[in-house]
Amino acid sequence: MPNYAYIILIPLLPLAAFVVLGLFGRKYLRGISGVIGTGAVLISVVLSLWVAYGYFFSVGKVDGVYQPVIAWKAVWLSFSPGLSIDMSIILDPISVMMIVVVSFVSFMVHLFSLGYMKGEERFGTYYAFLGLFTFSMLGLVLSGNIFEIYIFWELVGCSSFLLIGYYFDRPTAVAAAKKAFIVTRFADLGFLIGILILSLHAETLDFRTLIQRFTEPSPQLAGITSASFLGISLLSWGLTLVFIGGAGKSALFPLHIWLPDAMEGPTPVSALIHAATMVVAGVYLVARLYPVYALSDPAVLQVILFVGAISALLAAVIACTQTDIKRVLAYSTMSQIGYMMFALGTFHSGEEGALGYTAGMFHLFTHAFFKALLFLCAGVIIHKVHSNEMRDMGGLRRSMPLTHGCFLIACLAIAGIPPFSGFFSKEEILLAAYRANKFVYVIGLLTSCLTAFYMFRLYFSVFWWREGGVSAGDHGEGPASMKIPLVVLAAGALLAGFVPFSRLVTFDGAAMDTPGVGVFAIAPVMLAILGILLAGYLYRKESDRPRKAAGVFGVLYKLAYHKFYIDEIYSFVTKKIIFNLIGRPAAWIDRNIVDGLMNSLAGVTARISAGIKGFQSGRVQDYVLYFFAGIAVLAVLFIYIYT
Amino acid sequence: MNLSLLVLMPLITAIVVLFSRREGGARWVSLTGVTVQLLLSFGLLILYWKERAAGSMGMLFEYRHVWFKPLNIWYHVGVDGISVAMILLTAVVMVAAVLVSWRVQSWDKEFFVLLLFLSAGAYGFFLSLDLFTLFFFLEISVIPKFLLIGIWGSGKKEYSAMKLALMLMGGSALVFVGLLGVYYNTGGAAGPYTFDWPVIAQVHLPVEAQRRFFPLLFVGFGIFTALFPFHTWVPDGHSSAPTAASMFLAGISMKLGGYGCLRVAVSLMPIAAREYSPVIILLATIAIVYGAFATMMQKDLKYINAYSSISHCGFILLGIGMLTRTAVMGAVMQMISHGLMTALFFAAIGMIYDRTHTRLVERLGGLLKIMPFISTIFVIAGLCSLGLPGLSGFVAEVTVFMGSWQRTGEAYRIATILACASIVITAVYILRATGQSIMGPVKDQQYYGLADATWNEKLAAVILGAGIIAIGVAPFWLSDLLNIK
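Residue numbers (the working numbering), protein chains in the order written: chain A, 1 to 643; chain B, 1 to 485.
It is worth saying that the hints were derived from the structure and are not from the lab.
Glycine residues also receive a C-beta, built at the ideal position from the N, C-alpha and C atoms.
A hint or two may mislead.
To be verified - Taking lysine to aspartate or glutamate pairs in the DMTMM-like style, the calculated list, with each CA pair at most 25 Å apart, reads:
1) K558/A - D392/A
2) K299/B - D169/A
3) K613/A - E110/B
4) K548/A - E352/A
5) K458/B - E121/A
6) K156/B - D595/A
7) K27/A - D452/B
8) K27/A - D92/A
9) K483/A - D169/A
10) K575/A - E362/B
11) K369/B - E121/A
12) K443/B - E121/A
Claimed, not checked - Facing chain A, according to a computed beta carbon distance under 8 Å, are these residues of chain B, among others:
13) F42
14) G43
15) P192
16) M297
17) T326
18) V428
19) Q445
Claimed, not checked - Just so you have them, the derived chain B footprint on chain A, three or more residues with Cβ under 8 Å:
20) 69–79
21) 189–200
22) 302–308
23) 575–587
24) 593–605
Chain A with its partners taken away, still in its complex shape:
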C-alpha cells in the first residue's frame, strides 16, 4: 500500500492558517493575511489533486474495484474496548472526490475574496474563519469514524455561524447566524442520538466496521433489527435520526429555514459554505453510510426519496417568486440538494439499482462548480450595484461582459442544457428516478422546468430587463483576483460533465458503463428550454407581464412569495410555545416556588429563634423565675418516676 500519510497536511494547512491568522491576523499580519490563507489552501489543492490522481488512476484499484483505504489513524478518546473516537482518514472514491471539490472551491473563494473583501477592517479574521471552515470541511469528508464526522460536522456549523455573523454589527446578520446555528443544532441532536443508537449496537464507531456489521449477517445486525421502539426497529430509528442531522445541514424541508437567511454573510462565504460545500454535507453523510441504508433498511431510503423530492420542488416554486438575488440562489441550492438527496433515495435491487448513488454524487460534483460560479458572479454584481435586489439591477450585460458570460454558462449548466455540466448529472438522476419511482420522476421533471425558469428569470432581470444599467461610480468588474476564479469556475461548469464519473464513483467501487442518455434526454431538455423561453418572454424587456403572470397564479404566488409561511410557523413555536410556555414558567417557578421553599425554611428557623429569644432577656429576675420553674418541673418528674 502506498504511503498516504502526507494527506493529513491537506486539512492541517488551512488549520495552521486559522491559528496563525486568528492569533496575529488582526494586528500584525493584516496586510498579508489573505496571501497566507490563500497560499495554505493552494498547497491543499495541489495535494488533493495529487491524491486524487494517485487514487483514481494508479493505486486505488485492486482487481478493478476501488478499495477504501485508512490512510492515517489515532485514538482520540477511548470509551471502552472497541468503542473509541478515532481521528482517522479514510480514502475512497467519494472522499477523494470531495477533497478535490472542497479544496478547489475553497481556493477559488480565497482568491476571489482577496479582491472582494479588500479594505475590510477584519480582513485577517475573515481569512482565519475561512481557514477554520476549510479545515473542518476537509476533516469532515475525510472522517473514517462516525463520531469524528460529528466533530467536524459541529465545527463546520460553528465556522458557518462565525462567517454568517461576520458583519456582526448588523442585527439581521446576527439573527441569521443564530438561526443557522440553532436550527442545525436541533438537527444535530438527531444525528447525535442516531450515533448513540447505531454505535451501541454495532459496538464500534468506525465506519468500515459499522457498515460491515450492519450489511452482512451478524449478531449486531440481528440485535439492532430485532430491538424496536414504538414498533419501528432501532436500525430504522438510528438511520432516520442520522438522516435528520444530514437534512438539517443540507437545508432540506422542513429544516431549510436557515439557509435563505444565511445569505447575510459575505457573498464569497455563501459561495463556499452555503452553496458548494457545507450544505452538501448531509448528502455526503448519507452517501457515507449508503450501504447500510441501501442494503439493510430500504424503508428509510423511501423517506429520503420523498424528503428530497419535496425539497426540490418546494424550493423551486419559492425561488420563482423571490426578488433578492442571493435568496433566489439559496432556494435554488436547496432545490438542487433535494435533487441529490432523492437521487440517493432511488436505490433498488437489480441491475444498475445503485445508479442513483453515482448520479447524486455526480450532481454534487457539477453543482459545486456552477453554483459557486453563480454566487461569485452575484458577488461581482452586488459589488457593483450595492444592492441585493433584482429591481436595482437590469441591463448589466454591456457593462459587465465577463460576468455576463460566466453567469450565462452557469445558468445553462443548472438548467440542464447540453453540453453543460448540469445536463449530464441531471439526466442520470432523472433516469434513476424514472426506474425507481414514476411519481418522483415527474416531480423531478417539473422541478427541472422550474429551475430553468427561475434561473433565467434571474438572468434576464439582471442582465436585460432595461437598457443602460448602472454606470455611476463604475469600477469595472473588479481586479484580476476576482476575474480569474470566475473564468476557472466557468470552465469547470462547462466541462465537469465530461468527467467519466460512473467509472470512478460507484456504489460497489467497480466501473459502471454510462447509461445511454439519448432519447430519454428529450423531455427534460425540452422542458428546460420551455422554462427559458417563458422567462425570456416575461423578463427580457421591461413590461408589466411579470405582474400579470403573478396575478394568474393568485394564492399560489402569494404563498410562494411568503415562503409558505414556514418561518412564521417556526417563530410561533419557538417564541410562543418554548419561550412563553416553558422557559418563562421554569424561571418563575425557580425563583418563586423552589427558592421560595428554601427561603421559607430559613424563615421558619428565624421565626422559631425570634420566638424563643425572649427567654434571654438579661433580667436576673427572669432567670431566677426560669430556674425555679425548672427545678419545680424536675422535681415533679423525679417524684413521678420514683413513685
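Following the hints, position chain B against chain A.
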C-alpha cells in the same frame, strides 16, 4: 512527593500576604504563591505519571499521621488520577482568580488571604483519605466564601452571602451525620471504628447502613453541586460574589460536591448507590433540562452563567448516577471542563462589568468592536459551554452521553435523550447572550473608548483557555489520567 506541601503552600502564602507592607504587595505575593502552587501541581502530575508508568497501583504518595487517637482520627492524604486532576484544576483557576483580582480596591490583603484560605481547603479536600480530615477541609472552604461575598460582593450581597453559607452549612451538616453513620458502621469484627477511606473501602458497609446514610451523604455533597431542588444558592451566590470568588465558587467549590459524591458516597456505598441511582438520575435530568430552560429567560450575564452552571453540573450528577465506567469518567471530565469554562466565563463577565458597570444583556451590545479580546474569550467560553468540539465541554458531554447510553433500560435511555436535548437549549441561550451583548450595534455611546483587557486579565484568560483547548483538542491524556475502574 510530600502532598502536605500543597496544603501548606497557600497557607504560607496567606501568612506572607498578611505581613506584606508595600502598596500592592499582597497581589504580587499571592501571584507568586499561586504560581509556585501551579508548578507544584504540574510536578505532582509528572511524578504521578512516572509512578503509574512504573506500575504502582492504588493511592499514591500516601502520608498518615495520627490526629486524635481516642476516636481513631488521622491526618491521611494520598492521590489517584481524579484527585491529581482536581488539584491541577484548582491550581489553574487560582492563578487566574488572583490575576483578575489585580485591582481589588479596598482591603486587598484580607481579600487575598481569604481566597488563599479557600484554596487551601479545596486542596486539602481533594487530598484527604481520612473522612474526618476531608470534612475538616470541606468546612474550611465554606466560611471564607461568606466573607468574600459579604464584604467584596455586589448587589444584594448580604442576603446572598447568608443564603449561600446557610445552604452549604446545611449540606455540610448532612455530610457530617452521614460520615458519623459510616464511622459507626465500620467497627465490629474488622477492628476499631475508623474514618480511613482505604480501610472502609475494604470492609463493605452493611447494606442497611448504606441505605440509611447514602442519601444523607449524597444530598449533603449534592447541595454543593447544585442538586435539584437545593440549587437555589447558586444564582444568588454567584451573582453577588466578586469576580474571583465567582470563579472559585463555580469553578472549584461546586466540584467539591461532585468529588465528594463520587469519592465518599458512591465508592463507599456501591449497593445503595445502585438502588438510589434512578432518583439521582431523575434529579440530575431535571437539573439539566430545567436549568437550561430557566437560563434562557435570564437577563443578567452572571445569572445566565449561574443558571447554566446548574444545568452543566447536572451532567456531573447524571454521570455519577449512571454508574457506568464511561459515564463516571464523563462526570469527572465535566467537573474539570466546567471548572475551567465557568471560571473563564465569570472572568470575562467580570471584565465586562468592570468597564461598562452593567451586566444586563439588553444594555450591552457590540462589545466585539470595542473590546475584541474580552469578547473573544467570552465567545470561547460560550462555545465551550454549548459543547463545541475542540473545546473541553464537548469531550466531557459526549463521554457522559456515551456512558449513560450504556446503561440498559428504557427510562435511562429517555433520561439520556433529554440530557442530549439540552445541548440545543444551551445553544439558544448562549447565542442569545452572545448575539445581544457581544455582537450587534454598539448600544451605548459611552462604551466607545473603553479599554480592552490588561496584561493580567489577558494572562488569566490565556491560562484558562489553554486548559480548555488542551482537553478539547487532545482528550486522551485526561482519560488516561482519570482511568476510572
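K558/A paired with D392/A [C-alpha distance capped at 25 Å]: holds (22 Å)
Straight-line alpha-carbon gap K299/B to D169/A, limit 25 Å: holds (21 Å)
Status of the V428/B interface restraint (C-beta, 8 Å, chain A): holds (6 Å)
Given hint E121/A paired with K458/B - CA-CA distance at most 25 Å: This hinted pair holds, its Cα atoms lying about 23 Å apart.
Given coverage of the region 593–605 of chain A by chain B, checked by CB-CB distance under 8 Å (3 or more): n = 6 at 8 Å, threshold three: holds.
Pair hint K443/B and E121/A, alpha-carbon separation not exceeding 25 Å: holds (20 Å)
25 Å limit on alpha-carbon distance, applied to hinted pair K575/A and E362/B: holds (18 Å)
Hint check: 8 Å Cβ-Cβ cutoff, M297/B to chain A: holds (4 Å)
Chain B covers the region 69–79 of chain A, three or more CB atoms within 8 Å, holds or violated: With 5 residues close enough to chain B, the hint holds.
Per-residue hint verdict: P192/B, partner chain A, C-beta under 8 Å: This hint is violated: P192/B lies away from chain A, its Cβ roughly 36 Å from the closest one there, beyond 8 Å.
Interface hint compliance - Q445/B to chain A, C-beta minimum distance less than 8 Å: violated (14 Å)
Given hint T326/B near chain A, where the shortest CB pair must fall under 8 Å: Given a least distance of 5 Å, the restraint on T326/B holds.
Hint compliance for this structure: hints 3, 4, 8, 9, 13, 14, 15, 19, 22 are broken, all remaining hints hold.
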